[in-house]
Each structure stands twice: as structure tokens, then as C-alpha cells.
Amino acid sequence: MKYKYTYRNTAGELWQLSMYYTYGSVVGMCNLIFTAAVIALTINKWNTVSGVWRFLLLLACCLFTVIQPLAVWRKAEKQAAGISRDTEMEFGDGGIRIRVGDENSAIPWTAVKKISKKPTMIILFSDTTHGYVLTNRVLGKDRNAFYNYVTSKSAV
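Using this note's numbering, you'd call the opening residue of the sequence shown number -7 and step up by one each time.
I should point out that these hints are in silico values taken from the structure, not numbers from a laboratory. Honestly, I wouldn't trust all of these hints.
As the list claims (entries may be wrong) - With a straight-line cut-off of 25 Å between C-alpha atoms, the simulated BS3-like cross-links for lysine-lysine are:
1) 110 to 133
2) 110 to -4
3) 110 to 145
4) 145 to -4
5) -6 to 133
6) -4 to 133
7) 145 to 105
8) 133 to 67
9) 70 to 110
10) 109 to 133
11) 105 to -4
12) -6 to 70
13) -6 to 109
14) 109 to 145
15) -4 to 109
16) 110 to -6
17) 67 to 110
18) 145 to 106
19) 105 to -6
20) 37 to 145
21) 133 to 145
22) 67 to -4
23) 133 to 106
Unchecked claim - Derived Cβ-Cβ restraints for the label pairs, each shown as a range:
24) 74 to 111: 23 to 29 Å
25) 42 to 107: 52 to 58 Å
26) 22 to 96: 40 to 46 Å
27) 95 to 25: 42 to 48 Å
28) 111 to 38: 20 to 26 Å
29) 15 to 42: 17 to 23 Å
30) 35 to 141: 48 to 54 Å
31) 132 to 50: 38 to 44 Å
32) 120 to 65: 21 to 27 Å
33) 120 to 77: 39 to 45 Å
34) 62 to 37: 21 to 27 Å
35) 147 to 48: 47 to 53 Å
36) 53 to 141: 26 to 32 Å
Just so you know, even glycine gets a beta-carbon here, dropped at the ideal spot from N, CA and C.
The whole structure should be built from the sequences, with the hints applied where relevant.
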């Protein structure tokens, strides 16, 4: 095997994954546009409104900057708490071997649908919605060499 990693994703890593995909999509762009518009509205109208309207403006400003990330964090904590066993992944010329507890599986390189490189992680997708998250914490100094290796092996 060329590369072998044993890891268990943390809540913070799952949170980062969710935030990358939320804010890297059309939904994220809408969130950013809405937040910018609400901040501009709040600055423009702050002196002309009072009480309940100020509270609603502040709440709207916090919707995608504070409330949504906190909700995603709570979901990530629950997901991380549900991970009770380490994942062991081995990458070689024949494909990827995965072991979680007593369960083993193998994925040939031809079955890798997408490889996504984010600033803090590399995700290998086995289909359009399922993948394996390997963070910088797991990959360490091998990150770039690993990325080059998996992209050279996969048909993506």
C-alpha cells in the first residue's frame, strides 16, 4: 500500500465540510447576498426605527453569520458523537481498502467519482453524495503527494 491512514473525524472537521459545501454553492451565495443586503438595510434604517424593528434587523444580520453556523455545529457534534470506531483507509495501485471496525470494503480507482481538494481537507467521492473525508490533520505532510497520487490513479 502506498498510503495508509487511521482516523476518526471530529465535530470541527464535519462542521468545516458542511460550511465548505454550503458557502461554495448557490445557496451560500444567496446567503451572502441576503446578509450584505440586511447589513446595508440595518445601517440605513437604524436611526429611523426602534424597539422590535431593531431587534428584527439584528436577528436578520445574525441569521447566516451566527445562527446557521451554530445550527450546523450542533448537527456536526451529533454526527461526530455517532462515530464510534476509527476508519482505516489504505490506498494502493489496486484501489482503496476501507476498514471500519470489523467491516471491510474495497473501492477500485475506476469507482472514484470525484476528488475535491479544499483548504483543510481532501474528499474522495464514491458516488455523487457519499465520500471519505481526509483532513490535513490526518494527511499531515503527505497532503500534496497524496492528492497527486489519488488524482493520477482515479479516472476523474
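Hint check results:
| no. | hint | result |
| --- | --- | --- |
| 1 | 110 to 133 | holds, 15 Å |
| 2 | 110 to -4 | holds, 20 Å |
| 3 | 110 to 145 | holds, 19 Å |
| 4 | 145 to -4 | holds, 16 Å |
| 5 | -6 to 133 | holds, 15 Å |
| 6 | -4 to 133 | holds, 13 Å |
| 7 | 145 to 105 | holds, 12 Å |
| 8 | 133 to 67 | violated, 30 Å |
| 9 | 70 to 110 | holds, 23 Å |
| 10 | 109 to 133 | holds, 15 Å |
| 11 | 105 to -4 | holds, 20 Å |
| 12 | -6 to 70 | violated, 33 Å |
| 13 | -6 to 109 | holds, 19 Å |
| 14 | 109 to 145 | holds, 15 Å |
| 15 | -4 to 109 | holds, 18 Å |
| 16 | 110 to -6 | holds, 22 Å |
| 17 | 67 to 110 | holds, 21 Å |
| 18 | 145 to 106 | holds, 12 Å |
| 19 | 105 to -6 | holds, 20 Å |
| 20 | 37 to 145 | violated, 57 Å |
| 21 | 133 to 145 | holds, 20 Å |
| 22 | 67 to -4 | violated, 29 Å |
| 23 | 133 to 106 | holds, 22 Å |
| 24 | 74 to 111: 23 to 29 Å | holds, 26 Å |
| 25 | 42 to 107: 52 to 58 Å | holds, 53 Å |
| 26 | 22 to 96: 40 to 46 Å | holds, 42 Å |
| 27 | 95 to 25: 42 to 48 Å | holds, 44 Å |
| 28 | 111 to 38: 20 to 26 Å | violated, 35 Å |
| 29 | 15 to 42: 17 to 23 Å | violated, 33 Å |
| 30 | 35 to 141: 48 to 54 Å | holds, 50 Å |
| 31 | 132 to 50: 38 to 44 Å | holds, 42 Å |
| 32 | 120 to 65: 21 to 27 Å | holds, 25 Å |
| 33 | 120 to 77: 39 to 45 Å | violated, 25 Å |
| 34 | 62 to 37: 21 to 27 Å | holds, 26 Å |
| 35 | 147 to 48: 47 to 53 Å | holds, 51 Å |
| 36 | 53 to 141: 26 to 32 Å | violated, 45 Å |
Going down the numbered hints, you'll see the structure goes against 8, 12, 20, 22, 28, 29, 33, 36, while the others check out.
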